[in-house]
Amino acid sequence: MKEIRLHEGELNIMELLWSNKTLAAKDIAKIIKEYIGWEKNTTYTVIKRLIDKGAIMREDPGFICKASISKRTVQNIETKVLINQLYSGSLSKFIVDFLKEQELSKAELMELERIVNEQKF
Numbered sequence: 005m006k007e008i009r010l011h012e013g014e015l016n017i018m019e020l021l022w023s024n025k026t027l028a029a030k031d032i033a034k035i036i037k038e039y040i041g042w043e044k045n046t047t048y049t050v051i052k053r054l055i056d057k058g059a060i061m062r063e064d065p066g067f068i069c070k071a072s073i074s075k076r077t078v079q080n081i082e083t084k085v086l087i088n089q090l091y092s093g094s095l096s097k098f099i100v101d102f103l104k105e106q107e108l109s110k111a112e113l114m115e116l117e118r119i120v121n122e123q124k125f
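Numbering (this note's numbering), first residue to last: 5 to 125.
These are computed hints drawn from the structure, not numbers from a lab. Because the structure is a prediction, the values reported are computed rather than measured. Glycine residues also receive a C-beta, built at the ideal position from the N, C-alpha and C atoms. Hints may be right or wrong, so weigh each one.
Stated by the list, open to error - Capping the alpha-carbon separation at 20 Å, the derived lysine-lysine pairs in PhoX-like fashion look like this: (1) Lys44 x Lys30; (2) Lys124 x Lys97; (3) Lys70 x Lys44; (4) Lys44 x Lys34; (5) Lys75 x Lys52; (6) Lys84 x Lys57; (7) Lys52 x Lys25; (8) Lys84 x Lys30; (9) Lys70 x Lys34; (10) Lys52 x Lys30; (11) Lys75 x Lys25; (12) Lys52 x Lys34; (13) Lys57 x Lys75; (14) Lys25 x Lys70; (15) Lys37 x Lys52; (16) Lys57 x Lys25; (17) Lys52 x Lys70; (18) Lys70 x Lys57; (19) Lys84 x Lys97.
Stated by the list, open to error - Cβ pair distances, simulated, as ranges: (20) Tyr39 x Val120: 35 to 43 Å; (21) Val100 x Glu7: 23 to 31 Å; (22) Ile8 x Ala111: 31 to 39 Å; (23) Gly58 x Asp31: 15 to 23 Å; (24) Arg118 x Lys97: 37 to 45 Å; (25) Glu43 x Val100: 24 to 32 Å; (26) Lys104 x Glu38: 23 to 31 Å; (27) Gln89 x Glu43: 31 to 39 Å; (28) Arg118 x Ile68: 20 to 28 Å; (29) Glu43 x Asn80: 27 to 35 Å; (30) Lys97 x Gly66: 46 to 54 Å; (31) Asp31 x Glu112: 37 to 45 Å; (32) Gly66 x Arg118: 39 to 47 Å; (33) Leu15 x Val120: 29 to 37 Å.
Whole structure, please, built from the sequences with the hints as guidance.
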């Protein structure tokens, strides 16, 4: 699967689809108009771009849209890009720098320790 990068506007539409599973393009346009203020043509242009990228599948009749990429996949892609850009691809440097700035609860520390221990094997 190719790496699909999404910008903020595209993510707004994807969030609707991840929450609702399927929506007609006209309903997406109504919701986006109400919450973001985009005109119908703008929303349809972004939906078409998402279809072209492979992030959305279109089903007819009714121009029904369904996400073809999971939110988790997008999160993983964007996290890897961020780590590559800001930490030269070093996951450990990112984790160390990030955790230094956090106040973690005992439960969170135990969860992190569990995850690290799972990775050892």
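Report task. Mind checking the alpha carbons of Lys37 and Lys52 for me, to see if they're no more than 20 Å apart? Result -> holds (17 Å)
Query raised in the report: Does the alpha-carbon distance linking Lys52 and Lys34 stay inside the 20 Å limit?
Result: This hinted pair holds, its Cα atoms lying about 16 Å apart.
Query - Holds or violated: Lys52 to Lys70, with C-alpha atoms at most 20 Å apart - result: holds (12 Å)
Query raised in the report: Does Lys97 lie within 20 Å of Lys124 when you go C-alpha to C-alpha?
Result: holds (18 Å)
Requested in this report: May I ask you to test the hint 24 to 32 Å on the CB atoms belonging to Glu43 and Val100?
Outcome: violated (46 Å)
Requested in this report: Could you grab the alpha-carbon distance between Lys75 and Lys25 and see if it respects the 20 Å cut-off?
Outcome: holds (12 Å)
Report task. Quickly compare the C-alpha distance for Lys57 and Lys25 to 20 Å and report which way the hint goes. Result -> holds (18 Å)
Query raised in the report: Is Lys70 within 20 Å of Lys34, Cα to Cα?
Result: At roughly 16 Å apart (the allowed maximum being 20 Å), Lys34 and Lys70 satisfy the hint.
Query raised in the report: Okay, Arg118 versus Ile68 on CB: inside 20 to 28 Å?
Result: violated (41 Å)
Query raised in the report: Do the alpha carbons of Lys52 and Lys30 lie within 20 Å of each other, as the hint requires?
Result: holds (13 Å)
**Report entry** Restraint check for Lys44 with Lys34, where alpha carbons must lie at most 20 Å apart
**Finding:** holds (8 Å)
Query - Range hint 31 to 39 Å (beta carbons of Ile8 and Ala111) holds or violated - result: Between Ile8 and Ala111, where Cβ atoms are some 34 Å apart, the hint holds.
Of the hints listed earlier, those the structure fails to meet are numbers 8, 24, 25, 26, 28, in rising order.
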